[in-house]
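Make a model of the complete structure from these sequences and hints.
Protein chains in written order, with my numbering: chain A, 359 to 588; chain B, 4 to 102; chain C, 1385 to 1768.
These are calculated hints, taken from the structure and not from any lab test.
Glycine is no exception: its CB is placed at the ideal position from the N, C-alpha and C atoms.
A portion of the hints provided could be inaccurate.
[Said to hold, decoys possible] Here's a subset of chain B near chain C, in silico, CB distances under 8 Å, partners left out:
hint : residue
1    : His7
2    : Leu26
3    : Trp58
In case you want the letters, here they are:
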Amino acid sequence: MECLIQTENVSKTYNARRPDEFRALEDISLRIGQGEVVVLKGPSGSGKTTLLSLIGCMSRPTAGSILVAGKNVAKLPERFLTRTRQRTFGFIFQQFNLLRDITVMENVLLPLYPRETRIGEMQERGRTLLVQLGIESKQHSKVYQLSGGEQQRVAIARALINDPEIVIADEPTAHLDSKLSVDLLGILDNINRMGKTILIATHDPLVYEHPLITRTISMRDGRIEGVSTP
Amino acid sequence: MTKHRIFIGLILLLASALGLLLLFGRSSVSARTETELRPMKTLVGALQLTDLSIWTEARYTRHPSQADRFTPFQDFPSALEHFPAGSIMAPPRKDNQRP
Amino acid sequence: MRHLKILEYALSSLWRRKYKNMAIILVYAFTIAVLASILFLTHALKTEASFLLAEAPELVVQRVSAGRHELIPLEYGDRIRKIPGVAEVHPRFWGYYYDALVEANYTLLEANADHTPLEMLDGHLPAAPGECAIGSGVAAVRKIGPGDDLILVDSTNMGIVFEVTGVFRSPSDLLTNDLVILDRADLIEFFGTPPDLATDISVRVNNPKEINTIAEKIKRQMPDSRPISRSEILRTYAAVFNWRSGMMLSVFAAALVAFCILAWDKATGISAEEKREIGILKAVGWETSDILELKFWEGMAVSLTSLLLGLLAAYVHVFFLGATVLTPVIKGWSVLFPTFRLIPFIDPYQILVIGFLTVPPYVASTVIPSWKAAITDPETAMRG
Chain A
359 MECLIQTENV SKTYNARRPD EFRALEDISL RIGQGEVVVL KGPSGSGKTT
409 LLSLIGCMSR PTAGSILVAG KNVAKLPERF LTRTRQRTFG FIFQQFNLLR
459 DITVMENVLL PLYPRETRIG EMQERGRTLL VQLGIESKQH SKVYQLSGGE
509 QQRVAIARAL INDPEIVIAD EPTAHLDSKL SVDLLGILDN INRMGKTILI
559 ATHDPLVYEH PLITRTISMR DGRIEGVSTP
Chain B
4 MTKHRIFIGL ILLLASALGL LLLFGRSSVS ARTETELRPM KTLVGALQLT
54 DLSIWTEARY TRHPSQADRF TPFQDFPSAL EHFPAGSIMA PPRKDNQRP
Chain C
1385 MRHLKILEYA LSSLWRRKYK NMAIILVYAF TIAVLASILF LTHALKTEAS
1435 FLLAEAPELV VQRVSAGRHE LIPLEYGDRI RKIPGVAEVH PRFWGYYYDA
1485 LVEANYTLLE ANADHTPLEM LDGHLPAAPG ECAIGSGVAA VRKIGPGDDL
1535 ILVDSTNMGI VFEVTGVFRS PSDLLTNDLV ILDRADLIEF FGTPPDLATD
1585 ISVRVNNPKE INTIAEKIKR QMPDSRPISR SEILRTYAAV FNWRSGMMLS
1635 VFAAALVAFC ILAWDKATGI SAEEKREIGI LKAVGWETSD ILELKFWEGM
1685 AVSLTSLLLG LLAAYVHVFF LGATVLTPVI KGWSVLFPTF RLIPFIDPYQ
1735 ILVIGFLTVP PYVASTVIPS WKAAITDPET AMRG
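Right, here's the structure in full:
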């Protein structure tokens, strides 16, 4: 299996050399291959979200290197970091992070506005995704008019709109009931079948016990506690 | 998805309306200079007028160019000027008052 | 393409708060309209004054006594006539009349000797004693027309009847609104002016270049005289509506204060909501420059629309509606105030100045506050 993401002794310290210094991650080394579905599991404050944001090029590590598709992103200047994030990753946030008062379609197309894609093509892609996710009838609704499950699907559509190689989901089931969580896992399964690598941070057993998962990484206090393969 | 088209259209519409107004104004300037300003100019010459009849409330507002230095102050230098129009126009120019 | 799409998103973003943004555009356009109205009005008035008063007497000689304008002896005219270079000397008779009936001030003026028909006059100038020609303002306020009688109370408190033989057409209001033109003998008798005195003396010179020399000679020979040259009249009018004048100041001050409040509100008030939005945009792959461009378009859309609306409104207001909204403000206590039928003299430079005073500051006050939010790590968006 080709290695897509590789972290080498990655540490992240917040507020370095200040009284409120906080070491969120220490010495994380892991490899994730193409097409894997990896779960980061652990209590809150264990560093899952920090690790996701480092891999997702949202911030830089204090020490160590992160290779995404063979490129070290730890030292990239902000412009290239943004570009990598834009092309390689799709994010599903815990809070959905949708803009409440614009339409579903506009939310889904958000990542494409600053790119050179033509508007017609953007909409075509958006519609295809909404059809796949079964919410095409809502495309002109405002986000606040949707149910939680529908909002989650909009967030998924937005994560997939730029056809990313890697999908990162942070506590995707936190705001969903069991039925919707199962639905979500079905969707993630489909995404995985499309050849995408998926990284999920969660402490929901429903997720990390799902057969879809290829590897579970347990974290505690900023360190890797153990790795299990079902 | 065509909001930017509507916006650009609106801006162009407004800009061209303004442009048309300005052009129309330009063209009416020459016409009205002939039909209105020229006879008025004759009037100025014939009646030997020195000022515009805008504010008729006080001597120095009716004939600013002919006013004494002190009239805005009611003939007393430190009196407060109290005609409202005086706050709209500048005081008589100093070089109007030959030494 | 990219820029158009960011513009598209900026418009969607503005549209989300459409009532708030429309209100901002309206208020902003109104401020610009007031500002532009004043600039248009004063510029048009200035230009018209400089055009018209180019025909004013080359030199007006007043007598100043105890610091005030006094009646001037006719004998001064004879002495001026003897100065080399002087072509013509005319004693002028004019004065003011307060009409207690309508509480208005008129300007009473003698009819000039020559009776060439005037295009701007319906009827004719007084040719015989007992006749008068009046401005349309006087005609309106006294509700009289050609053939009617105008009764004025003279210096001995006697009511004198003048027959109206001419009324000035209203396009000439700017010059003639409050005029009452009388025969010279009537005027002297009406005011009770002593026979050897005139109001002032107008002087025509042979060579316009000598005006100042002649003015100095007059001043030297008659130290109590005050010569006012045509160029000084013109300069007075160039300065009447300058930046220093009160109206400009007060309106500019108000506009500035309003704008500062707006800018301050925006600069300090980038809300948590907006910060969150910027974080989300960064998280989904927008660059800092894209976000600043978005804010630039937002500011541009609001300010450009306001600018154009404001300029249009100002133009229509000043040149089609005769500055009716401003009139009560600038009218002061004038009872006879002319209706402005201004000729649209526009200074393109002024339009440019209005544009520069309004659009860039607004855009800056939209972009700069979001700067800080735009450069922070998108990681914050992950944390909710």
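Next on the checklist: Flag every earlier hint the structure violates by its number, smallest first.
Outcome noted: Number 2 - this is the single hint that the structure violates.
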